[in-house]
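Let chain B serve as the given structure and place chain H on it in line with the hints.
So you can see what is in the structure, the chains are spelled out below.
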Amino acid sequence: MAKADVIAAPAARAPRKPPRIALIRIATLLALWAAWEGAAASGLLYSGVVPSSFKIIAAFLHEITSGDFYWNLEFTLFEVALSLALGCGLGLAAGLALGASRFAGDAYERYLQYMAPTPKIVFLPVLLVLFGIGAGSKIAMGSLSCFFPMALSVAAGVRLVDPVLLRVGRSFNLSRAQMVRMIYLPALVPPIATGLRIGLGVALIGCLLAELKMSNRGLGFMIMQYYAQFKTPQMYAILIVMFLIAVLANGFVARVFRLRGTR
Amino acid sequence: MASVSEPAPVRRGRRPRLSPALAGVVTIAVLLVIWQACVDAGWWNKLIAPAPSAIFAGLAPLFSDEGLAVRFFQTLGETAAAALLAIAAGVPVGLWLHRSRWAGRAYFNWVASIAAAPVVLLYPLFLVIFGRNASTIVAMSFCTGITSIILKTKEGLDGTRPVLIDVGRSFGLTRAQLFWKIMLPAAVPTIATGVRLGVIYCLISVVGVEFLINFGGLGELIDDLADRWEIPMMFGAILFVMLTSVGFFWVTEQAERWLRPM
Numbered sequence: 001m002a003k004a005d006v007i008a009a010p011a012a013r014a015p016r017k018p019p020r021i022a023l024i025r026i027a028t029l030l031a032l033w034a035a036w037e038g039a040a041a042s043g044l045l046y047s048g049v050v051p052s053s054f055k056i057i058a059a060f061l062h063e064i065t066s067g068d069f070y071w072n073l074e075f076t077l078f079e080v081a082l083s084l085a086l087g088c089g090l091g092l093a094a095g096l097a098l099g100a101s102r103f104a105g106d107a108y109e110r111y112l113q114y115m116a117p118t119p120k121i122v123f124l125p126v127l128l129v130l131f132g133i134g135a136g137s138k139i140a141m142g143s144l145s146c147f148f149p150m151a152l153s154v155a156a157g158v159r160l161v162d163p164v165l166l167r168v169g170r171s172f173n174l175s176r177a178q179m180v181r182m183i184y185l186p187a188l189v190p191p192i193a194t195g196l197r198i199g200l201g202v203a204l205i206g207c208l209l210a211e212l213k214m215s216n217r218g219l220g221f222m223i224m225q226y227y228a229q230f231k232t233p234q235m236y237a238i239l240i241v242m243f244l245i246a247v248l249a250n251g252f253v254a255r256v257f258r259l260r261g262t263r
Numbered sequence: 001m002a003s004v005s006e007p008a009p010v011r012r013g014r015r016p017r018l019s020p021a022l023a024g025v026v027t028i029a030v031l032l033v034i035w036q037a038c039v040d041a042g043w044w045n046k047l048i049a050p051a052p053s054a055i056f057a058g059l060a061p062l063f064s065d066e067g068l069a070v071r072f073f074q075t076l077g078e079t080a081a082a083a084l085l086a087i088a089a090g091v092p093v094g095l096w097l098h099r100s101r102w103a104g105r106a107y108f109n110w111v112a113s114i115a116a117a118p119v120v121l122l123y124p125l126f127l128v129i130f131g132r133n134a135s136t137i138v139a140m141s142f143c144t145g146i147t148s149i150i151l152k153t154k155e156g157l158d159g160t161r162p163v164l165i166d167v168g169r170s171f172g173l174t175r176a177q178l179f180w181k182i183m184l185p186a187a188v189p190t191i192a193t194g195v196r197l198g199v200i201y202c203l204i205s206v207v208g209v210e211f212l213i214n215f216g217g218l219g220e221l222i223d224d225l226a227d228r229w230e231i232p233m234m235f236g237a238i239l240f241v242m243l244t245s246v247g248f249f250w251v252t253e254q255a256e257r258w259l260r261p262m
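Sequence lines, in order, name chains B and H.
In terms of the working numbering, the first sequence is residues 1 to 263.
In terms of the working numbering, the second sequence is residues 1 to 262.
Just so you know, these hints were derived from the structure itself, not from any lab.
Be careful, since some hints might not be right.
[Said to hold, decoys possible] On the chain B side, residues computed to face chain H include the following (Cβ under 8 Å): (1) 24; (2) 49; (3) 110; (4) 121; (5) 132; (6) 209; (7) 243; (8) 246; (9) 248.
Positions of the beta carbon are idealized from the N, C-alpha and C atoms, including for glycine.
One chain only, chain B, in its complex shape:
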């Protein structure tokens, strides 16, 4: 028997077990919280700028139990819902028109693509002039923001509709409206869902930014009121609410359409 066979092979180094992910995450959150509290207690920063997290939690609890908060929340949600309906509705119509006609797509889609990455907030002065300081300019801002993702997503989706389905529709002599209702729309659920998901996020941002800039009601208005009065714990509390609404809305739409894998 060869010696090599007798000698025990050196024990392979056991792969290091990765630390538990949940523990790492909890430790990271605790470290961030400790750093925040340290900054708040150190006196290095003005206490109003970095208030203790306990003050923010107290302000948060106070806000979510006050009627004033819900009065403003209701207004913001109304603006977002209406802007989503308007912007996505128009975006869907434009996307169908651009996708269904190759000529229209070639002629006009490039302009939508050029406009899409432009920061929409710069149009706010125009919208304020046209629709005033109230809900109108916020709804217009939200609609403008969500129009582009929906239009471009649907236009791209229409071109991917199975030609066999279209030929079947034509062979049954379907009218244009019937084609849209019975062939295009059912085949376009994924691009519509993508447009809706992106659209909801940007409509929410559009409405809230417009409120932050100039408004007389809504969560953005509340934040700017607290900012002007230097009530930072309250301001942070409403910011957290706004942030949570945006994240939860995005997660909700993603879950509804089960699009998590198609980001």
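Frame of chain B, contents of chain H only:
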């Protein structure tokens, strides 16, 4: 011979075709003419929707009186600062998330969530911390731009074809050589996509925050003109921002295409 003298057959029922690109330009021109006519006829209030001729006439004073070129470079400088910081921090963080299994698993989803989160809504928070100055604009834009760079760097490095790594190992390359000579070059196109997205997000954020906090370059100019009710010049400045973002988009797209393998 007879066939030579015969006139060419005339195609009946065929209209001359308009190219789609020309149709797009013609449509815009027609819309501008209608807009001009509506303002000239007094149907649209020129104080709210100025005529296209007034907007184009306002472009020259934008450069001469309002310092549009200086503001453009100010915006560009802030965008460059935010983008460079985002690249300098984002690529190493993406590399760390790729190399460290536990860090990748623990933090990747967090970064992806932040990328989808409306960071721009936090501008009052940045305003409180940094004050109303360029630091707020750069810090916010940095936060907006960095996530796509981190995500794409990790994606690019994760996606290196195993056969390339095996070839490197068979040549006895060290870990550092493997990274510099194989993994990084293979990941460059994907990282470039992340950088392109990051730079575009930085520009959008810079202009947006400038407008919101009324400080800086092009964004502040628009807000300023709106406050002074210089509506034709405000429309001109918005047009300039649109052209800038289109130009930026095109340049970054070309740069990315140049970095992509054929």
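Q: Against chain H, run the beta carbon of residue 110/B and see if the smallest gap drops under 8 Å.
A: 7 Å, holds
Q | Hint status (Cβ of residue 248/B to nearest Cβ of chain H, threshold 8 Å) | A | Nearest chain H Cβ about 11 Å off; hint violated.
(Q) Does the closest beta carbon of chain H sit nearer than 8 Å to the beta carbon of residue 24/B? (A) 4 Å, holds
Q.
Does residue 246/B hold up as a contact with chain H if the rule is Cβ-Cβ below 8 Å?
A. Nearest chain H Cβ about 4 Å off; hint holds.
Q | Interface restraint verdict for residue 121/B against chain H (beta-carbon cut-off 8 Å) | A | It holds, given that the least Cβ distance between residue 121/B and chain H is near 5 Å, below 8 Å.
Q. Holds or violated: residue 132/B as interface residue toward chain H, Cβ cutoff 8 Å?
A. 11 Å, violated
Q) Close enough to count: is the Cβ of residue 209/B nearer than 8 Å to one in chain H? A) Holds. Min distance 7 Å.
Q: Under 8 Å, Cβ to Cβ, is where residue 49/B needs to be relative to chain H, so tell me if that hint holds or is violated.
A: Holds, about 5 Å.
Q: Let me know if the C-beta of residue 243/B comes in closer than 8 Å to any C-beta of chain H, holds or violated.
A: With Cβ-Cβ at 6 Å, under 8 Å, it holds.
In summary, the structure is inconsistent with hints 5 and 9 from the numbered list given earlier, while agreeing with the others.
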